Amino acid sequence: MAKESKNIGVYICTGCGIGESLNTAKLSAVAGEYPTVKQCQVRPCLCSAEAHLKINDEIPEHLLDSLVIAGCSPRHNPETLKFGNILTERVNLREGVAWVMEPGHEDTQLAAEDYLRMGIAWTAASGLPDPYIPDGTESDILILGGGITGIQSALEGARAGYSVVLVEKEDRLGGWLNHWHDIIPVSGSRETHLGYFLDEKLEELEASGLITVHKNSTVSAISGEPGKFHVTLRINGRNSECRVGSVILAIGWKPYDASRLEHLGFSRHENMITQADLETMAKQGGILRPSDGKPPENVVFIQCAGSRDEKHLPYCSNVCCLTSLKQALYIRRKYPETNVFIVYRDIRTPGRNEHFYRQVQGDNRIFLTKGEVSGVEELDDGSLRITIGDNLLGEPLSIRADLVVAATGMEPNRSEDLHLLYRKGEGLPERKYGFPDSHFICFPYETQRTGIYAAGAVRTPQGIQDCMEDAGGAVVKAIQCIEAVRRGEAVHPRPGDRSYPVLSLQRCTDCKRCTEECPFGTYDENEKGTPLPNPARCRRCGICMGSCPERIINFDNYSIHAISSMIKSIPIPDELEEKPRVLAFVCENDAYPAFDLAAFHRHRISPWLRIIPVRCIGSINKIWLSDALSAGFDGIMQIGCKPGEDYQCHFITGSELMETRSENIQQTLQTMMLEPERIKTVFLEIDEYHRLPEIIDDYLETIESIGPNPFKDM
Amino acid sequence: MIEVSPDIAFIEKLQAASGSQLTTCMQCGACTASCSLSADQDVFPRRQMIMAAWGMRDRLMADPYVWTCHQCGDCTVSCPRGVSPGDVMAALRQEQIIHYSRPRFIARWMQRPAFLPLVVLFPMLTILLIILMAGTLHIPEGPVDYSKFFPHGWLNGSFTALFILSTIGAVAGLKSFWKSASGIPEAPASGRWLKIIGRILWHRDFRQCTEEKSRSLSHLFVFWGFILLLFVTFFAILSTIFFNYPFGFLNPVKIAGNAGALLLFTGSTLMIMNRLLKRNTLRSNYADWFFLLSFWLLTVTGILVEAARFLDWSHAYHIYLFHLILVWIIILYYPYTRFAHFLYRTLSLLLIGTTKPT
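Chains B and G supply the protein sequences, listed in that same order. Quick note: the first sequence uses the numbering used here, first residue 125, plus one each step. Quick note: the second sequence uses the numbering used here, first residue 9, plus one each step.
What the hints contain is simulated information worked out from the structure, not anything from laboratory work. Watch out, some of these pointers could steer you wrong.
[As the list claims (entries may be wrong)] Beta-carbon label-pair distances, calculated as ranges:
#, chain 1, residue 1, chain 2, residue 2, range
1, B, Gly486, G, Lys221, 54 to 62 Å
2, B, Gln483, G, Leu129, 39 to 47 Å
3, G, Ile172, B, Pro520, 53 to 61 Å
4, B, Asn302, G, Met9, 55 to 63 Å
5, B, Pro419, G, Cys36, 32 to 40 Å
[Unchecked claim] Once the Cα atoms are required to be at most 35 Å apart in a straight line, the calculated DSBU-like pairs of lysine-lysine come out as:
#, chain 1, residue 1, chain 2, residue 2
6, B, Lys692, B, Lys636
7, G, Lys21, B, Lys418
8, B, Lys548, B, Lys418
9, B, Lys494, G, Lys286
10, B, Lys494, G, Lys21
As the structure is a computational prediction, the values presented were derived from the model and not from experiment. Each residue gets a CB set at the ideal place from its N, CA and C atoms; glycine is no exception.
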């Protein structure tokens, strides 16, 4: 928590070109103006071991309780410039000023002085976070779903030394594998024969003393937060309670409903089946025509049956091609005189599977071609005449098929099976195509519920091999989460962050904005609608802080007051000086590193810009905008990650929220009688750093054209 | 609409003849992209490759496009799956020759080494029989004079008669081919045939190959050598009837004949060398070697026969008999060996109208 008074030590580095570009003595004098600054030193190389030792000595000597280190970007030397358990603020003079502005220029010096003031102001208003560590955390991992992903997750968890509770709704483990006749060759497996493959895993499962298996069981409720989830299980019809640290959702998939394939007339034709039907049929011993029980002589596989089709499943399910190849091969082994035709849009056999594809192609009675099924006609004996158009022969093909197999895609099972007792719903919020995975580029297995990780086919359509890899990844995430909670730290994307939102509930108006807007379901509610925070569910993005109209949500080291103090610490030159000032709230995840990259490339950034890093642009509270405008800033930029379908927001919905909030912000501008251009939102990708100078200069031109902020000098 | 009913035996036959695992073709079209014969709308040879992998025998037997290919190897080199489309096209042409041959069994003899003794013995015994009938079945005394061993009248008469016989077979096969192949959508363009013949005479399309540049040259040598010798033979036959035969060494016809022999020898030797050196891009099966080696031996024995006469060698008549057997293999078996390509290719090109849209 922030203390009443501070003893701040300010250290200014002159290395890496800072000393040549800036008048550090003048900077030091600026720091000296603050009575809270007890010690101010200019040193040549703060990242050296010598400098580190010296500062460590000076902390007790001057009774310092916080430090302001003015040097390189906070993204560099985070470990070197850490001085034990003491609040440390980094002022970015190198990438923020010296490398991007004209050396020795008056405006460059002003920018550096402003950044130093902002750093001191922030430090004065912030405190070291007091971490939230729930009492009696659990380290068990709950795995929901006993298919290959669940089994592999349990094994991986146990191998890492964690106790695992594995819940399976059926009376045996194995999931779909119990219904399969054979599997696609799995690389690295001793024996890809399905029997061996599963038995081997089940043996290890039984031998492990750390895995508790509940068959015929479901989860009927999960409440609490990571580290202490309260789980109610329904085991053989009886309720049972347990507590776990984190959860892996491995509930798998279901085949796409083939009866919806009207263009193939699936439900009308008895001899048209799905891949799953064929597999079960083969498992039971006979591959026979459903209509008359005769062995088929010509089998046609139709790939992408409802996949990669906007009317059905818009995505590729990854395994249907390989499954058909596998099935073609075992049909051929069973019936040496049978022809198998595979009609595909593109055959997809990534990686080592290409060898398998080739192996199958080597069979002279397996015929593959690109094409679209343009007609299905049932003949008198129940056979189907399949017409294939859009092929590579330039004219339609016609095949008389005894048996037709539709390769339907995979749909995720519903995550509502988790029965979360969360204010925001029982299941996981669905992202693209209905899968619960939240940010597949940077954080696989992540869902929008902290401590709950999706793995296997429920996360993304995939085969056994990938499911097993998923299992390992999700277990690592689950373990990281348990251990982070025990230390009172956040998980990705802010690992190690010990701050958490603190609410002054006496001023809460129960507006529910925080509960609604938190992407991670951190807040439950009491009957009045007052938020009940579960800090371990929190990812520390600050979106709730940005949303709160009463400004009652703050972090110890990221508060409305601290940022406001930074804004107010900046002296605004009067209109006659013709030095406009633009404040930029810059997302720490991608946009701030982009500024650093721009600095590495020595791009020029206007010295009229003042940057305040924020955890997410969704965490920008409206009050900061009005503070900045009242202070006389001519314009405000909010630079964050891309929203939308291919969002890059590290907190998933932060950028989206910023878009929806902008209407509200424009109203604020209206009430202040200001032009809408005074606030500009920019979505930037990290590799677009080279655009930054242009973006900023363009905005400054806009500001110039609308003139200075009328609130200046008021 | 193509009714799919794969002919597995046909796929196996093509695999055996071409040595290609042709079903592992992934239909990417790299062959078409690299083929200088493939036009914008015509996905040659991918279309044929797919048909081959699907065992579409009827379609492929009626396909004149396979005859546009010179087996230059461009596609084979660029194929990412290593299924050698060029060799598959060669196998398809071979299958067509067998398919349209009348009678078909003679063509089958030419494909299998087991029949080689039969293929050689049949002409040998027939020739000896004719000589026996002529009453000259012995090694003649005195300076070498081949007409003493095989009188010109008997030779010209019997060989011409046999040539007419095999040509009847060839015509029957070609008629059947024309009938099947004219089912292709492109109608023969009238008035273009002269242009097409011109293209063939100068190997214009053949010279488009990039992988096997030398093949068009060696073929051009053999082609013109053979044409030259064809005229020479015609004059020789006329001479045996109306003039003095054999010609003197400086007779213009003799000079043309020797030039032709030189061209044939150079060309066919180059071909053999090429096939030995380029075994990766140009697979040669028994039928290829049988035809090519017979051709080379025909040329070599022809030269030796001439030399033996001038130098008065004692084994001249044995060489002569051997040469006559080779003449039979090349000239009289022509509709059944790889030699038939000149008929099918010319006919196909006329049928398609042109090898390339101009």
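- [ ] Take a quick look at whether Lys692 of chain B and Lys636 of chain B sit within 35 Å of each other, Cα to Cα.
- [x] 30 Å, holds
TODO: Would you check the hint for Lys548 of chain B and Lys418 of chain B, treating anything up to 35 Å between C-alpha atoms as holding?
DONE: Distance of about 53 Å is beyond 35 Å: violated.
Open item on the list: Just to be sure I understand the hint, the distance between the Cβ atoms of Pro419 of chain B and Cys36 of chain G should be within 32 to 40 Å; is that true here?
Closed with: About 34 Å separates the Cβ atoms of Pro419 of chain B and Cys36 of chain G, which means 32 to 40 Å holds.
TODO: Could you say whether the range 39 to 47 Å given as a hint is met by the Cβ separation of Gln483 of chain B and Leu129 of chain G?
DONE: 46 Å, holds
- [ ] Starting from Lys21 of chain G, check that the Cα of Lys418 of chain B is at most 35 Å away, please.
- [x] 31 Å, holds
TODO: For the pair we were handed, Lys494 of chain B and Lys21 of chain G, check the Cα-Cα distance against 35 Å.
DONE: OK: Lys494 of chain B and Lys21 of chain G at ~25 Å, within 35 Å.
Open item on the list: For the hint 53 to 61 Å, verify it against the beta carbon of Ile172 of chain G and that of Pro520 of chain B.
Closed with: Distance hint for Ile172 of chain G, Pro520 of chain B is violated at roughly 46 Å.
Task: Beta-carbon spacing of Gly486 of chain B to Lys221 of chain G - inside the hinted bounds 54 to 62 Å or not - done: About 34 Å separates the Cβ atoms of Gly486 of chain B and Lys221 of chain G, which means 54 to 62 Å is violated.
Task: Given pair status - Lys286 of chain G, Lys494 of chain B, alpha carbons within 35 Å - done: 33 Å, holds
- [ ] Starting from the range 55 to 63 Å, see whether the pair Asn302 of chain B and Met9 of chain G falls in it by beta-carbon distance.
- [x] 43 Å, violated
The earlier numbered hints that this structure contradicts are 1, 3, 4 and 8.
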